[in-house]
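These two chains come separately, so use the hints to put the complex back together.
Chains as they are written, first to last, in this note's numbering: chain A, 232 to 357; chain B, 25 to 402.
Just so you know, these hints were derived from the structure itself, not from any lab.
None of the values given here were measured: they were computed from a predicted structure.
Mixed in with the good hints, there may be bad ones.
Claimed, not checked - The calculated lysine to aspartate or glutamate pairs, modelled on EDC-like cross-linking and capped at a C-alpha distance of 20 Å, are:
hint	chain 1	residue 1	chain 2	residue 2
1	B	K161	B	E127
2	B	K100	B	D166
3	B	K165	B	E99
4	B	K317	B	E332
5	B	K241	B	D50
6	B	K340	B	E375
7	A	K333	A	E284
8	B	K323	B	E379
9	B	K317	B	D274
10	B	K52	A	D258
11	A	K311	A	E296
12	B	K312	B	E298
13	B	K52	A	E262
14	B	K327	A	E317
15	B	K317	B	E368
16	A	K298	A	D283
17	A	K298	A	E310
18	B	K52	A	D354
19	B	K327	A	E315
20	B	K306	B	E295
21	B	K291	B	D305
22	B	K312	B	E295
23	B	K327	A	E310
24	B	K323	A	D314
25	A	K298	A	E262
26	B	K327	A	D314
27	B	K327	A	E296
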Amino acid sequence: MSDLKYTEEHEWLRLEQDGSVTVGITDYAQEQLGDVVYVELPPAGSTVSAGDEAAVVESVKAAGEVKSPISGEIIAVNEKLSDEPELVNSQPTEDGWFFKIKPDSTEELESLMSEPDYNEFLDTLN
Amino acid sequence: MCATTTRAEPASLQHTALYSLHQSLDAKIVPFTGYALPVQYSEGIKAEHLHTRTHAGLFDVSHMGQISIQGEAVEKSFEALVTGDLTALQDYQQRYTLLTNPEGGIIDDLMVTKMPDGLFVVVNAACKDGDYQHIKKVLGKDYQVELLNERALLALQGPDASAVLAGHNSDIAQLAFMNAGRFQIDGIECIINRCGYTGEDGFEISVNNSDAEGLAKLLLEHDEVKPVGLGARDSLRLEAGLCLYGHDIDETTTPIEANLRWAVAMKYRNESAEANFPGADKILHQAKEGTEKLLVGLKPEGKMPIREGSLVLNQKNVEIGHVTSGGFGPSIGGPVALGYVSSEYAAVGTELHVEIRNRSHTMRVADLPFVLHQYYKP
Numbered sequence: 232m233s234d235l236k237y238t239e240e241h242e243w244l245r246l247e248q249d250g251s252v253t254v255g256i257t258d259y260a261q262e263q264l265g266d267v268v269y270v271e272l273p274p275a276g277s278t279v280s281a282g283d284e285a286a287v288v289e290s291v292k293a294a295g296e297v298k299s300p301i302s303g304e305i306i307a308v309n310e311k312l313s314d315e316p317e318l319v320n321s322q323p324t325e326d327g328w329f330f331k332i333k334p335d336s337t338e339e340l341e342s343l344m345s346e347p348d349y350n351e352f353l354d355t356l357n
Numbered sequence: 025m026c027a028t029t030t031r032a033e034p035a036s037l038q039h040t041a042l043y044s045l046h047q048s049l050d051a052k053i054v055p056f057t058g059y060a061l062p063v064q065y066s067e068g069i070k071a072e073h074l075h076t077r078t079h080a081g082l083f084d085v086s087h088m089g090q091i092s093i094q095g096e097a098v099e100k101s102f103e104a105l106v107t108g109d110l111t112a113l114q115d116y117q118q119r120y121t122l123l124t125n126p127e128g129g130i131i132d133d134l135m136v137t138k139m140p141d142g143l144f145v146v147v148n149a150a151c152k153d154g155d156y157q158h159i160k161k162v163l164g165k166d167y168q169v170e171l172l173n174e175r176a177l178l179a180l181q182g183p184d185a186s187a188v189l190a191g192h193n194s195d196i197a198q199l200a201f202m203n204a205g206r207f208q209i210d211g212i213e214c215i216i217n218r219c220g221y222t223g224e225d226g227f228e229i230s231v232n233n234s235d236a237e238g239l240a241k242l243l244l245e246h247d248e249v250k251p252v253g254l255g256a257r258d259s260l261r262l263e264a265g266l267c268l269y270g271h272d273i274d275e276t277t278t279p280i281e282a283n284l285r286w287a288v289a290m291k292y293r294n295e296s297a298e299a300n301f302p303g304a305d306k307i308l309h310q311a312k313e314g315t316e317k318l319l320v321g322l323k324p325e326g327k328m329p330i331r332e333g334s335l336v337l338n339q340k341n342v343e344i345g346h347v348t349s350g351g352f353g354p355s356i357g358g359p360v361a362l363g364y365v366s367s368e369y370a371a372v373g374t375e376l377h378v379e380i381r382n383r384s385h386t387m388r389v390a391d392l393p394f395v396l397h398q399y400y401k402p
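Just chain B, with the same shape it has in the complex (with noise of 0.2 Å):
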């Protein structure tokens, strides 16, 4: 019997402003991307993943980066950078969008917020700085690019976010999915994101680390509200057919080959504007032409879950893909998967096969996402 998981925590890991809370409320800690974070706290990420589809989960995600760029029409010039359409925000409308590469390859997807005075924009933790020295190095001088290191970010997600976070402040239950605010919640001051991880209606809030733990500790007093580690993070975004950076998307895949087309502005693809992001010229060919290979959301029959790495093959035992996520989806009770395959294997039902221990497995391509979708679009 290997148990995969490690006990021992290596000294050099950081800590979130949430870490002490994590260790009161008996978390399992993991290093994750050089933070120490909790993967799962006493009920277990089955149970942390199925209270946070029926009531809400609150999540530390603080060791994503959150950055700041400000500078005269900063929306314009961080617009060439990436591929979404950045000058159509309006104040405290958030985007999801992509940092390409010349190769079209995608260097990170993040979320940009248009805030009154310049962009909010949150970043994976694993690219963080990468992403601060990449978007400093092209901006240049004029613009000041701040890695937010003083702030945490929490994440409430689920069906009774809303009403927990109107308890406090019966404005923030009036954002709409992908719209933000600054408020405050009981005399914290918050930036709220309406937007999450999980498929679910939720929320990112950012507070500074000096009131982090306060904040958590408000919205754990909530009967609906527990904790939820990285563990149900993971199978929560997985059955909402959401990517991970460094798994389903890298600096080798492309937007549409990752399925992320709706992620190209749409001026870009209907040519009504001109394209100069890095890559562009190859990412709209593929946009107009199709691509080799594409993510596809991947159902594997029976119960066991087919994980990261598992080559697909076609009926004739031929390789025509790799998994890229995989695991076990609490909601749906089965196994799930993300995989990238031969775009002719990509249409939805087409019946593929995985060996795993010399046993071949069935699985089918599947609809995504494989749970719907609740976000609060009024």
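Bound-form chain A, shown alone (with noise of 0.2 Å):
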């Protein structure tokens, strides 16, 4: 999954091919929170800025706080981890994923980490 960027908030963001950016938490994110019991997502429709905090997903120990790392326009959340949170534990990139932008500008994007530079950060973190 080379095509994911990466923030040191541990949040992943794909370019679809439609120009919008799906965002969700790592796998190291999801390993550190454990069982995932819920997550509150922001209503469609809204719009968001980086560095606003966007979902919040709770576990059965901790609870943690996603902020979106881009801004543009939340066109669409992830309905199925209203009753099965636990895919972001078991599928965190592909259908454990939160919510989908539409960007104001892809330049964001750029500045963010590649796979092996999330990995080599993850490295310092231990």
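Structure below.
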């Protein structure tokens, strides 16, 4: 999955063919959180700025917030997560995605980490 | 995304006798009351929780304090420090009781077992040094009070626990809830109490540190037994409606406020014996007249866990209490919580609210426990 971009906050982003950007949390993040039991997603149609709190993810033992890594309009959220929050654990970068953004510009994406950069970043955390 | 667990482990943390076993079992180790302890193993909190409710979970609770108290009529002397009836205990009977302060607050909650040669007491990890000093000071020179740091404590909890232990020594399965004995498990000397902190049938097993790993491995050889960490220990006790010291009870909450009336001896409540434990006047007055606040079960609607510290609001959005423990109950399949509310809101079914991230969430006062206790009482 070399087309993913990563943030230091452990989110991944994927630029889709239609120009939208899908956002979720990384395998490392879900591993740290443990069993996810609840995900609160932003209303579709809302606009977010980079750094705004866009979603909340709660596990059995902890709560974490997901900040929008880029600015834009939320055009879709993963409705499946309300009934199956465990998808965040089992398929963090596939069916466990959080929301899709129509970005104000794709420039913000360019400053984010590639997969090898992110893996290197993870190594510094241990 | 801010994950809240830490990986780095301060060098000053103490290890229990099972530390290397935890590592070999791929535990996620976290700091807890000064110890490096497993919060979970590879299967995760939910799986470990459900396994304990359906089979048996093995917990390392060696961080807890084990205290031996010996001396002339020790149960009578120690009774003056706690809310419970200790003089009524027969040998090898166990009681849950509370150390109180003069204001009626709870210094610690503890398990006391009457042994033929004295009392065997298990106290909370964070309180153990304070409890030890307090007990030693109050009882004075005539009593030998000893913190048994050379002993480990394992808990085997769940519906299969009894059969697993019976496979090694059939006498163990004969114990009733809140009874104890000295037993051998494949040659290992153990003090075993039939009790626990999960709401399930189960046992707490005290052994010498040098025997702890051998015993744990022996028990883990059973297919029914899996290691369970502190994460599931917390979700299990919360579903069972059991208080966690430092959260649901502390020096500012009284036994009556904490819904622990049953832990205050009947002989004091019906005035057939004089109560001289610290704070007795206040506690017994509250037992009769009621309290301004009460600890209750809270069942949030929906799926979102309501965490400790959340303010509880009435229908008019006036603050009437706060959540002291809250999380997700895997057996319930939803969030569960404990909290203090003004007594007028303590009736089961009362609708209350919390506001989290600018959204109001409804919850109702619920009957405790959330999951029925399965204690063995033949």
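Outcome of the hint check:
| no. | hint | in the structure |
| --- | --- | --- |
| 1 | B:K161 with B:E127 | 19 Å, holds |
| 2 | B:K100 with B:D166 | 13 Å, holds |
| 3 | B:K165 with B:E99 | 16 Å, holds |
| 4 | B:K317 with B:E332 | 17 Å, holds |
| 5 | B:K241 with B:D50 | 15 Å, holds |
| 6 | B:K340 with B:E375 | 11 Å, holds |
| 7 | A:K333 with A:E284 | 17 Å, holds |
| 8 | B:K323 with B:E379 | 15 Å, holds |
| 9 | B:K317 with B:D274 | 14 Å, holds |
| 10 | B:K52 with A:D258 | 16 Å, holds |
| 11 | A:K311 with A:E296 | 19 Å, holds |
| 12 | B:K312 with B:E298 | 16 Å, holds |
| 13 | B:K52 with A:E262 | 10 Å, holds |
| 14 | B:K327 with A:E317 | 13 Å, holds |
| 15 | B:K317 with B:E368 | 8 Å, holds |
| 16 | A:K298 with A:D283 | 5 Å, holds |
| 17 | A:K298 with A:E310 | 19 Å, holds |
| 18 | B:K52 with A:D354 | 17 Å, holds |
| 19 | B:K327 with A:E315 | 11 Å, holds |
| 20 | B:K306 with B:E295 | 14 Å, holds |
| 21 | B:K291 with B:D305 | 14 Å, holds |
| 22 | B:K312 with B:E295 | 11 Å, holds |
| 23 | B:K327 with A:E310 | 14 Å, holds |
| 24 | B:K323 with A:D314 | 19 Å, holds |
| 25 | A:K298 with A:E262 | 18 Å, holds |
| 26 | B:K327 with A:D314 | 9 Å, holds |
| 27 | B:K327 with A:E296 | 17 Å, holds |
Violated hints are absent here; each numbered hint is respected by the structure.
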